[in-house]
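**Q** Sequences listed follow chains A and B, in order. Heads up: the first sequence begins at 1 in the numbering used here, then just goes up one per residue. Heads up: the second sequence begins at 283 in the numbering used here, then just goes up one per residue.
It should be emphasised that the hints constitute simulated quantities derived from the structure, not laboratory data. Each residue gets a CB set at the ideal place from its N, CA and C atoms; glycine is no exception. Any given hint could turn out to be false.
Label-pair ranges, simulated between beta-carbon atoms [claimed, not checked]:
{"hint": "1", "chain 1": "B", "residue 1": "A347", "chain 2": "A", "residue 2": "G130", "range": "52 to 60 Å"}
{"hint": "2", "chain 1": "B", "residue 1": "V413", "chain 2": "A", "residue 2": "S223", "range": "37 to 45 Å"}
{"hint": "3", "chain 1": "A", "residue 1": "R97", "chain 2": "B", "residue 2": "N515", "range": "45 to 53 Å"}
{"hint": "4", "chain 1": "A", "residue 1": "V217", "chain 2": "B", "residue 2": "P479", "range": "50 to 58 Å"}
{"hint": "5", "chain 1": "B", "residue 1": "Q457", "chain 2": "A", "residue 2": "G39", "range": "54 to 62 Å"}
{"hint": "6", "chain 1": "B", "residue 1": "Q512", "chain 2": "A", "residue 2": "P186", "range": "35 to 43 Å"}
{"hint": "7", "chain 1": "A", "residue 1": "S223", "chain 2": "B", "residue 2": "L344", "range": "29 to 37 Å"}
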Amino acid sequence: MANLRLRDQLFTGIVWGAALLVTGSFLWLLSDMLIHGAGQLSWSFLTAETENAGRAGGIGPILVSTLLILAVAMLVACPIGLATAVLLSEFIAKDNRVARAIGMSIDVLAGVPSIVFGLFGMAFFSAYLGLGFSILAGGLTLACMVLPILIRTIEEGLSAVPDEWRKGAAVLGMSRLSALLHILLPAAAPALAAGLMLGIGRAMAETAALIFTSGYVDRMPSSLHDSGRALAVHIYDLSMNVAGGDANAYASALVLVIMLIIINNIALWLATSLLQKRISHV
Amino acid sequence: MFRSHANKSYADDILRLALMSAAVVAVGILLLILLFLLRESWPALQRIGLYRFVADAGWHPLEGAFNLAPMLIATLAVALGAILIAGPIGIASAVFGQFYAPPMIAASFKRMVALLAGIPSVVFGLWGLTVLVPIIAKWQPPGAGLLAGMLILAFMILPTVALTADAALKAVPDQYLRGANALGISQAGLIFNVMIPAARSGIIGGILLATARALGETMAVLMVAGNVVQVPNSLFDPVRVLTANIALEMAYATTEHRATLFVSGLALMLLVVALAAMAGKLGGRLHG
Chain A
1 MANLRLRDQL FTGIVWGAAL LVTGSFLWLL SDMLIHGAGQ LSWSFLTAET ENAGRAGGIG
61 PILVSTLLIL AVAMLVACPI GLATAVLLSE FIAKDNRVAR AIGMSIDVLA GVPSIVFGLF
121 GMAFFSAYLG LGFSILAGGL TLACMVLPIL IRTIEEGLSA VPDEWRKGAA VLGMSRLSAL
181 LHILLPAAAP ALAAGLMLGI GRAMAETAAL IFTSGYVDRM PSSLHDSGRA LAVHIYDLSM
241 NVAGGDANAY ASALVLVIML IIINNIALWL ATSLLQKRIS HV
Chain B
283 MFRSHANKSY ADDILRLALM SAAVVAVGIL LLILLFLLRE SWPALQRIGL YRFVADAGWH
343 PLEGAFNLAP MLIATLAVAL GAILIAGPIG IASAVFGQFY APPMIAASFK RMVALLAGIP
403 SVVFGLWGLT VLVPIIAKWQ PPGAGLLAGM LILAFMILPT VALTADAALK AVPDQYLRGA
463 NALGISQAGL IFNVMIPAAR SGIIGGILLA TARALGETMA VLMVAGNVVQ VPNSLFDPVR
523 VLTANIALEM AYATTEHRAT LFVSGLALML LVVALAAMAG KLGGRLHG
């Protein structure tokens, strides 16, 4: 018995040790980001032009490029993602062969490494379609990348809508289109928004897929055909290729992480609380 | 799901057609990726051939030597090291969150792990480059190398292991817990002999998923692993992984060199997709 108790204590120690290690590493990372990054943060850092390869000045053009790339990605991915999710959850049975084939290819797409998306984007959007290094090419590449997460989140939201609502709509003689527009999509709206947020988060964190598609140019873009440097690419370039760029790299990383935390929290809140409230109240 | 014939209308047919075509686009993207990777790899596959990718005298693409083996070995070594570190710690974290942590701490611990999962790889890379590498360099210069790559990757994929193991442990039926309690098994015995075996397939699925992520990761490894093309002899040797090689050389690669980079991308994709598919079969999914 003494042996067993010793083993239990050892096990408890190991489990607590692992948790402390994870927490400690997390706090270490967080504190370094705050210590090295917070000092540079100011309104002018967020809005100023980038100077001296990023060592000086701010990230104004970088933020604009990032937002444009995200806008292109989401504008393209959302309609396709929404339609595919609706098809999968409302129009074909889950065990149907077509549904399984579509579902499988979405899962495979979700597993493709981001550098491979970068290769594809460069070969297809930049070279084959002639978009070159541009915000458009980068945004379209990211659209392909975020599609699986959009589809799966929206699908989940739709399947959380109770079946009685569908039957009710059918009994009232509503066409499936109007049932979709007036009942199902409004009910699942929080999930749609959550999917959108998760997609934006994924796209914003991306670096490898953008290096060869939207490129490195750190000037203010004047059109979608210009090259534009995303925030994540900026962090990479500052830390790897620019001597003396670490301080601004940390400040940019802090901006990126803060934006991601806000986006993820909105997604979480939308997906859980709001969805349940809607379905239980109406 | 409603599939009645009563309300078929013209608008519904159009709707169905529109949805179908969107799905065709979604599936088409995957096929297009494969097609274009193959198309761009073709010159290398045809003129260089698979054998030379492992038999050439080193990686000197400008002189026509295309040996990918050192980088493939480095890729596998970094990923293996990362999973050996992140696997046990991640599972222990999940066990902590499920069974050991007081409720208040458990909630914030899980939030922290979820937060960690959302941190971009380039930020891990930045931190590794500026904090971790100098620490290793003090002990074993130059610092940037296999160990730094393993540690940063482990940190990055740990949330994947922890979150999937957590979900798998949560899914174990309550009767198991009650039955074991009734038998008077100790907590450690319960976790080791009952809960973890019962959640086994989900946990392994999560580990496969994390391995796939580690193999496919570019930025974090690129920034800390030193990027010298060589088969590592020690944990401290600088290495270059396949993904990093693509990111570093694609900017100036032409003809067969470029095609060879696409070959390595294709190989990575097939490897990672096979692992992810295996993980999906075992139920190690983060979403859905």
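**Q** Against the structure shown, which of the earlier numbered hints fail to hold, in ascending order?
**A** Of the numbered hints given earlier, those the structure breaks are 1, 6, listed in rising order.
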